[in-house]
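For this one, chain U is given, so just place chain H on it according to the hints.
Here the protein sequences come in this chain order: U and H. Following our numbering, the numbering of the first sequence begins with 1 at its first residue and continues without gaps. Following our numbering, the numbering of the second sequence begins with 1 at its first residue and continues without gaps.
Fair warning: there could be bad hints in the mix.
Distance windows between CB atoms, simulated [unchecked claim]: (1) U:G18 with H:L74: 37 to 47 Å; (2) H:A30 with U:W88: 21 to 31 Å; (3) H:D29 with U:S6: 18 to 28 Å; (4) H:W48 with U:D19: 17 to 27 Å; (5) U:E5 with H:L67: 25 to 35 Å; (6) H:A75 with U:S7: 49 to 59 Å; (7) U:R29 with H:V62: 45 to 55 Å; (8) H:A30 with U:E5: 18 to 28 Å; (9) H:T21 with U:I85: 18 to 28 Å; (10) U:D19 with H:A30: 18 to 28 Å; (11) U:G18 with H:K14: 37 to 47 Å; (12) U:P21 with H:R79: 53 to 63 Å; (13) U:S7 with H:Q56: 26 to 36 Å.
In the DSS-like style, the derived pairs of lysine-lysine whose C-alpha atoms are separated by at most 25 Å in a straight line are [said to hold, decoys possible]: (14) H:K14 with H:K57; (15) H:K206 with H:K174; (16) U:K44 with H:K14; (17) H:K14 with U:K168; (18) H:K174 with H:K190; (19) H:K190 with H:K202.
Chain U stretches covered by chain H per the calculated footprint, using a threshold of three residues with CB under 8 Å from any CB of chain H [claimed, not checked]: (20) 8-18; (21) 48-62.
Bear in mind the hints are in silico, worked out from the structure with no lab data behind them. The beta-carbon is built from N, C-alpha and C at its ideal position, and this holds for glycine as well.
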Amino acid sequence: MSAPESSDESLLARYRAGDGPAFEILYARHRQGLYRFLLGLSGKSELAEEVYQDTWLSLIRSTSQPQGRANFRTWLYQIARNRLIDHWRKHGIHNPLHDSYDEQIHALSDDAADPEQLLSLSRDNQRLEAALQNLPADQREVFLLRAHGDLDLSQIATLTETPLETVKSRLRYAQQKLRRLLAEEVLT
Amino acid sequence: MTDARPTPEDQVLKHYREHATSEPPAHLDAFLLAAAQREVPVHKPGLWKRWVQACQKPRWQVAFASLVGVALMLALVQRTEEQLPSYDFAPAPEVSAPVAKKEASSSVARSLAAPAGAMSAPAPAAPMADFAAPAQSESINAEMADEAKVSKRSAIAPAKSIDNQLREVIRLQKAGQAQAAADLMATLHKRFPKENLTARLKDLQKN
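Here chain H stands alone, though its shape is the one from the complex:
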């Protein structure tokens, strides 16, 4: 059997353990515990957890709800804007299509497009705008007050463009293309039946 009694050496160890009284100072304990709390490693939760936690806070709930509300409003406004133009230009092809077809085959059509570069005043797209403007004004509904205002503004434009067309007639005549000048004149008479085109042509020839 072995002797279970502690050896004299072990009793010295025990004696020291029992009678040691030194302790770390209280201020050091407090400092270290505070430092440990302050510098406790931050364990970052996952993205989904953070999202759920944020959703549970009232101020974020309000923010998310506002954001969704704004997004819905924007979507609705965008859709409404997309739908508006559909009825506005619907009748236009009925008028402009035959004209374009007719003009494409004749030399008058070429002359309508060609002088744009020769004459300084009108923009290249102006002749087409001339044809589109009356068509548009015809398609205006009574309810579309706003559109009517726009067409009133555009009605000033034909006066200028008639002169341009008439100048083109004069140019064709001077160039010896009498037939083309007559065709253009006839087309203008059809488009602007109320205008005294002959008188205006004479005025322009004088100038």
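Chain U with its partners taken away, still in its complex shape:
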């Protein structure tokens, strides 16, 4: 019989109380998802690494805990997202997560997609990455939070401070476009 798995929040509390190994468990749980989220969102490995490091260091050095209804996962991704936005601001880059995007227009072309194409989605990493970068930034963000952060739609809505319905539609359009792009790549 295995011992019940500790929650992220209890592991963080244990680390704050001086239990070093608790952090290792917490880190192992979230390292991959957080890194993939940042890499997908920034599109640059150097920037992703820098923000990834800053995020974990701020968590290590901070004494704060997730507040209110936020759980550890939401809190961690919130920190990472804010750090990335700060970086963009510092370098005079307009926040791409708030671009004006007509979701209705982009959704139209995917309605006739054949579900059978799913069987032949590209597995090539470069194509997967290229398709992801082809998405508008706000759709890409929602898709990455769902795919790698494993956050549900309401958590994503809270984190991005976006209405739930908007989050739902962004995710749907992102998935449709990715399906089309990857299938097209295979078919051509």
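Okay, now just chain H, sitting in the frame of chain U:
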């Protein structure tokens, strides 16, 4: 019944999860884990726990034991010092009390205390020391060799103080207080029976 099969959109999510290969670099993992270990918040135990932990370490055990040993020694030394003087001054009141009583009533007593300011040599407490010195020497035990040395040193003092007393007699005589001078002389004869006080008085009168 609802369809449990994943939608095509969900399959895209799954596809990405399965085929994503990017990982944080190993050096970043090592750096962050080291930083976490280095900066792990220090959870300070309570005062009592720290005390117990310290007591379990041999070097602190030795230190505490030494400290207790020194404290015990100091306590013993202090007690011994407090007990010593009790027998040393015990006989003194027998001799000095009647003298003091007698002198308090007579004018001689006043004259003994008064000239201290008039004469330049002796300190104000000197007359009392004169009376105490023989009493002390009488009370010395044979075993108290150290105390005997002290009394030998103090025996030099009476020679000077006799002269002072005799000068006081002369002063009283010159002031017309013959009775007081005679009383003081009589007291001095009693205290210093072996001294030739009359001859010394004459010498002083000559000077």
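For this session: Could you tell me which of the hints above the structure violates, numbers in ascending order?
Result: The structure conflicts with hints 5, 14, although it agrees with all the remaining ones.
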